[in-house]
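S.K.: Read top to bottom, the protein sequences are chains A and B.
Take the first sequence: its position 436, counted from the start at 1, is 436 in full-length UniProt numbering, and no numbers get skipped.
Take the second sequence: its position 389, counted from the start at 1, is 389 in full-length UniProt numbering, and no numbers get skipped.
Rather than coming from a laboratory, the hints here were simulated on the basis of the structure.
One thing to keep in mind: the hints can contain errors.
With a cut-off of at most 30 Å between alpha-carbon atoms, the simulated BS3-like pairs for lysine-lysine come out as follows [as the list claims (entries may be wrong)]: (1) LYS411/B x LYS83/A; (2) LYS76/A x LYS394/B; (3) LYS32/B x LYS76/A; (4) LYS76/A x LYS392/B; (5) LYS219/B x LYS80/A; (6) LYS144/B x LYS206/A; (7) LYS302/A x LYS686/A; (8) LYS830/A x LYS723/A; (9) LYS83/A x LYS394/B; (10) LYS171/B x LYS213/A; (11) LYS2/A x LYS553/A; (12) LYS454/A x LYS2/A; (13) LYS80/A x LYS438/B; (14) LYS80/A x LYS327/B.
The structure presented is a predicted model; accordingly, all values stated were derived computationally and were not measured.
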Amino acid sequence: MKNRNFTNLNINPCKVCMPMGAVMAFKGIENSMVMLHGSQGCSTYIRRHMAGHYNEPIDIASSSLNEEGTVYGGEKNLKKGLKNLIELYNPDVIGVATTCLAETIGEDIKRITSEFAESEGLEKDRIIPMSTAGYGGTGFEGYFSALLSIVKSIAKDSRPNGKINVIVGNVSPGDVRNIKDILDSFSIDYIILPDISDTLDSPYSKEYSRIPKGGTRLEDIRRMAGSSATIELGVTIPEALSPGQYLLSAYNVPLYKCPIPMGIENTDLFVNILSQLSGRPVPERLVSERGRMLDGMIDSHKYNGEGRAVIYGEPELVYAVGRLCFENGIKPVLIATGSQNGEIKQLFKEYFSKNGMSPDEEGKNGDFPLIIDDTDFETIQDYSVKLEANILIGNSDGKIITEKEGIPLVRIGFPIHDRMGGQRQVYTGYNGSMRLIDDITNTLLENKYEGYRKRMYSKYYQPENQVQPANDSRTADIDKKTQSHPCYSSGAACSNARMHIPVAPACNISCNYCNRKFDCVNESRPGVTSEVLTPEQAAEKFVMVKSKLKNLKVIGIAGPGDALANFSNTKKSIELIKKLDPDITFCLSTNGLMLPYYAEELIALGVSHVTITINTIDPTIGAKIYREINFMGMKLYGEQAAKLLLDNQLIGLRMLSSRGIVCKVNIVMIKGVNDSHIPEVVKKVKECGAFMTNIMPLIPASGSVFENMELTNNRDLTEMRKKCEVDLKQMYHCKQCRADAIGILGEDVHGEFERNSCKGCAPAPAEAGRKETVYLFAVASKSGIMIDQHFGHAEEFYIYESRDSKIKLLEKRNVDKYCSESECDSEESKIEKTIKAIEDCNAVLVLRIGYRPAKALEEKGISVIQTCERIEAGIRQAVKEIEEARVVLGARS
Amino acid sequence: MVDRANDGILEERRTSIFCNSKQSGCELKCEKDSLAGSVSQRACVYCGARVVLNPITDAFHIVHGPIGCASYTWDIRGSLTSGPETFRNSFSTDLREDDIIFGGEKKLEKAIDEICAQYSPKVIFIYATCIVGVIGDDIEAVCKNAEARHGIRVIPVKSSGFAGNKSMGYKAAGKALMKLMDGPKQIKNEKEDNKNFNINFLGDFNLAGEIWITTGYLKQMGIEINARFTGDSRCEEIMKAPEASLNIVQCAGSMTSLAKEMEEKYGIPYIKVSFFGLEDIRHSLMSIAEYTKDPDIIERTEKLIFIEELKVQAELRKYSSRLEGKKAAIYVGGGFKAISLIKQFADLGIRTVMVGTQTGRKDEYDIIREIAEEGTVILDDTNPAELEKFIKEKGADILVGGVKERPLAYKLGVAFCDHNHERKHPLCGYEGAVNFAKEIDMTINSPVWRYV
């Protein structure tokens, strides 16, 4: 996964520089000042950036390196600057941080500052040199390396003092106050470093002090080496930059690491450490805050469940916020940081595997968010759209994404320069976490409710005068037809026959999996026909077939080319047959290229069912599947072709589905080409109104481009269908019929109606021509072993499947589940509901059955077998009976 | 530590501070490097260059250096565009340790290639930051090669931060603009008699749509705008700037040197203008009109001024009645802005008690001394300690300044006017004059001050 779209460019940075981080850390030391050794701009830009966030005067001195200093060394400037700084501010401690410039010209600030201290008679640790080249890292590393420098040069008093060190990651002054509150509630004697709670959010007072009051006292920092433990609120810090780690190895101060206490788990961890270290139980106040937070989490979880968050910022913050999102069902789709940080990925991996999430799929559909470091906003913006985020969580700089893409932003972190109160934010602890959750939830709600009425109105409302009464009966009619259509209703699949009329020879797209040249009676797959008919011939054949197959309910046009590429033939055929049998269901299948142009006419013709083959919604994948398209005489290739095809498919689908036409979408599953993308296709076509999808295996037709492709096996196919079933009804019984198929699904009898017999082609292997035969049986049984129950007494049926004479119990069906209580009072409705429960079965096996129900079953095309055998034996006998009956039908033709 | 903090003035700073007196011939020290450790409010060379060039909307601005410089200047200014938004992005080579050691030229080259592959830039500006000057990247050569390779303009901006102050950045930007105008398809300024009178507008960066307001007046007067430097500008119009009959120069600090160079090279005369405050607007519009010597234009201009002034005068009177007698402190970037602010405050009955600039020039300070009252504190390149001292000492009711100064004013319990590049409301033209008065009134007369 790419961290950045561009290799040599950072577009719209998602980070600040190291000196800025150092300044932020240093601002938490009592009576301190920072001097940046570099050119004047560094200090001014950082002051400006911080002033915009904290709304506090931010004084940072600069050694104001000029051309001369850059060439001959900046020592003179630095020393003079320090002198002036002391004269103006008289700080107790001065942090001298380098910049890009000072580092590059090789300034030895350690030497310069100690020389200066000596010559001025200052104590050595009053000036702390920090090496922070702007190119050496980001604000995150600058912050911790400054803290480390402070601790290293000051914390030297290792006499035990019984205090607890608390080293805080870069959070707001408000959060530092909150963390101190939590510490106080345990009555812990602590040293918090850095303490920006007052220095970067100072109260108004009559007396202005040039260096704001507050901050960690030097005296306290000195004693950190003798504390009884360190809690470091930072788990993503590289070990080499960790002050806690230093105190552990240099002075044996035990180290407890904990993420920023945001979210319930992180706060629990923090609170438990405090309880353990203080030897005190968790104070009642925190217990009830926790309870209230849980209560709030529950209240909001259904709104949060719709969240797809992009979280960005400093590693430590995004780790904490990411965890908070997971706890609340807000799905982080992208976790991004501008710093280079490997720790965060590792930490999340551990977290996910602990929580049973599968880390194998990143991004859009998987549980696992995409995690990228060293990134920029250009890239984050891109992913936000691709991953369909609906909320951003991070600093103000993400507003560019809000502005361009309309995704709302919850502001947290640094900088927040376009809203007030960034410095007061409290998002830590149970109380603060709940506030953050509320802010996220409310942003999601605002987005959802805004324009909600209007959205629903324009989506669903139809003005009275525009609704044609005819439409209602038409939809009802379509519902009936769907029930009796073998492709749409698996119950009807077994009993009703359909006939494909091969009237559409031409095709307007070239698919790599298709070869229409191959004509053979023994070949059974789409695109194949033994003959092409004119509309008149098709009508003639319909009459003949109808006379033999009474259950012929559906006329389909499925090629062998594309129904809409031969629209005049298609139209004429339908008109002719409609005159012969007005009750017939017309359906057709198409690649959809011309759909937007003929959709209206198809509806007018009375076509009720349309199948569109949509293999992908990604033009780059489409370019691999389609060789060329011929769009009204214009030839297009590659992605351009695929894009046009896709647009027309989706427009056509919307046009038809919005008018009540039942649309099935076929998807050919091609291993290595579109297989992993299929769930997205299903989601998209669902959105466009598809009734069901039919995921079919690729048949590597010889002579086609894909002839050597791997055949998709049944297991993968079933798995894919199951996966997509969550989103949309799936067709499980597709037989991938020929363009001239006739009969019941899976039992093609087109050869019996052939006008011309096969002229002789390579004979297919004997096995290939044979189809699996599958039957379903409903068995009434009390014992579960014998067929020993009367139909009318059966409250449940055992459903068995016989697949190629292998018999298997599928499930038990309770009859009551198929009706509501009020319906089932009368005996008549009880029969009905029983039939409803088993209507997809070929036969029902019972001990006895009454006359009325038996007749009702037969009308539904369900055979009734009365017997008192063992179940398996009964089924075997039933299969034999059914197959004999079919042979009789065949013989009759 | 050594001494306790002093009264707020460092010895070496004393010559940059002046208590106004018309008699004294004392010189104010200005146009010099900042004093180390004094906590100057100034930025750097890069900042000056970026301010001037960035509003060119369809140019690609690549900051060649480590990330900080790009990060702190990304889309922070309120320059508006009527079209392309390219300039609102921040492109940086984001140099790392290795690049510093081995040089950044290769990376810059590839960065340009990447931009050319992904977008179709016409003009790319390459800003040199501090370390580029130190590690010795030859950005001029890189730009030249890139121009040959891609057939577009790639223009180096020599803005290494340490090489002077913000004004040097203005000059660097001016040089870059000259380079852009001197392109291969350079247009000669032909003095044909039948050529329409048209002008270039220098020194408006279209903050909150200001250039739309002012060019609106010019269009009403019947004056054609040839090119804008650089508010809402396009590369194309800058390239044809040498065709203009007249340059009008508003932000004098940043644009005067460019105007002079254009006069020398293309023979385009220039006049200085200001659209801040009613007096300045009237004067500027009339100067432009009279320059054309076209009686129709002059008549239209007189009418426009009459009507526009009529529209705002009543409202301005309302505000001045609420502001009469207040005291203002000014600390802004350039001398031009300081001068126009003193005049605007005077219009509202407000006295200026302190005025200073980051990069004002000697001639500008002379004007300031001329128009400021006796006793007004005048400072160059000041710092928070001095601001604090003089705001308190002089009892200012309001400070005008930028983002860094704002929290200081508030901490001192003083009102504040945002006269910076981040503001979201126009302050120029007739509406701007009303906005200005309204803002001053809103902050000075806010109820919050009752509680402090």
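S.K.: May I ask which of the numbered hints given earlier this structure violates, with the numbers listed in increasing order?
M.R.: 2, 4, 5, 6, 8, 10, 11, 12, 13, 14
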